[in-house]
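Residue numbers (the numbering used here): 1 to 283.
No lab work stands behind these hints, which were simulated from the structure alone.
No false leads were mixed into what you were given.
In silico DSBU-like cross-links for lysine-lysine, where the CA-CA straight-line distance does not exceed 30 Å:
1) Lys-248 / Lys-201
2) Lys-230 / Lys-175
3) Lys-248 / Lys-226
4) Lys-121 / Lys-178
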Amino acid sequence: MKKIIPLIISSLIISLFTFVSCSQEAPKPAPYDTLILTNDNYADFNDETKMSKYYGKQVCIKMSSDITNDTLTEVFYKGQFRNLSKYNEEKMENEYIYAILDFSDTTATFINTNFCGNIQKIILSDKVEYFSDVFNGGLLEEIVVPDNNPNFKSIDGILYDKNVTTIKAYPRANKTEKLVIPETITSLSNTIQQQESNATKEIVFPSKFENFTANYAFYRLRALEKVVFKTIVEPTTWCFTECSENLKFYVPSGKKQDFIDKWTDWYTTAGYSGELSDRVFEN
Numbered sequence: 001m002k003k004i005i006p007l008i009i010s011s012l013i014i015s016l017f018t019f020v021s022c023s024q025e026a027p028k029p030a031p032y033d034t035l036i037l038t039n040d041n042y043a044d045f046n047d048e049t050k051m052s053k054y055y056g057k058q059v060c061i062k063m064s065s066d067i068t069n070d071t072l073t074e075v076f077y078k079g080q081f082r083n084l085s086k087y088n089e090e091k092m093e094n095e096y097i098y099a100i101l102d103f104s105d106t107t108a109t110f111i112n113t114n115f116c117g118n119i120q121k122i123i124l125s126d127k128v129e130y131f132s133d134v135f136n137g138g139l140l141e142e143i144v145v146p147d148n149n150p151n152f153k154s155i156d157g158i159l160y161d162k163n164v165t166t167i168k169a170y171p172r173a174n175k176t177e178k179l180v181i182p183e184t185i186t187s188l189s190n191t192i193q194q195q196e197s198n199a200t201k202e203i204v205f206p207s208k209f210e211n212f213t214a215n216y217a218f219y220r221l222r223a224l225e226k227v228v229f230k231t232i233v234e235p236t237t238w239c240f241t242e243c244s245e246n247l248k249f250y251v252p253s254g255k256k257q258d259f260i261d262k263w264t265d266w267y268t269t270a271g272y273s274g275e276l277s278d279r280v281f282e283n
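From just these sequences and the hints, can you work out the full model?
Right, dumping it as structure tokens:
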């Protein structure tokens with residue numbers, strides 16, 4: 001009996017230690033606060049008194065199922081809460097709400113989040129027919145859309161048309177380091193611009209790529225160091241301007257001079273140091 005008691009005590013101590021260890025696991029991150037935006041309460045999102053308790057927090061702003069296109073126009077295009085922020089005079093800095101915009105339950109077809117800063121993620125519905133996010137803040141990492149949406153497709157958080165023939169929106173803080181543009185894309189639209197916080201270090205263009213249809217394509221991609229072309233195309237104003245000082249171009253074998261001839265005028269105004277020829281390499 002004297003030998004059994006110590007064994008029982010030892011077992012109890014081990015069990016207690018195991019229980020305490022399990023109960024002291026690292027706490028899970030707090031869930032996002034969810035705020036429902038309706039046709040009736042959207043003005044509240046521009047009310048500092050009502051919104052100040054959320055400053056510095058992560059919030060999912062979920063659109064109600066009956067939200068209308070007109071309401072969304074008031075909220076986003078007219079800037080009802082374009083920054084979800086205020087200026088704190090005591091701290092001498094801005095205070096922000098970092099948000100997910102969730103349109104997944106809406107029947108609204110027209111989504112325009114222009115000038116809506118501090119958005120980290122946008123979730124679209126299967127009903128959306130038009131989407132624009134030009135000049136969104138530098139925090140947007142991804143745009144997602146359900147597979148059954150007939151108009152759009154999301155790949156690595158980048159929004160394409162359904163048939164993947166053009167990039168519709170390229171989030172400024174997207175985490176893709178190597179962007180391989182799909183072979184189905186032959187030109188670029190003007191939605192791709194001013195992405196200072198983007199993580200993209202390398203872009204590979206498809207073999208049938210024909211042209212940049214807009215100025216400012218891939219403007220201010222500060223991390224971008226490598227661009228691979230499989231064909232030689234004409235540059236447009238400000239494309240690849242103010243990217244990394246280490247920016248280099250890779251072109252098909254035997255096409256280095258062709259590329260230099262087409263891109264010299266662009267290079268003289270792009271502000272890079274050194275000779276263009278020192279930045280061009282053949283694959």
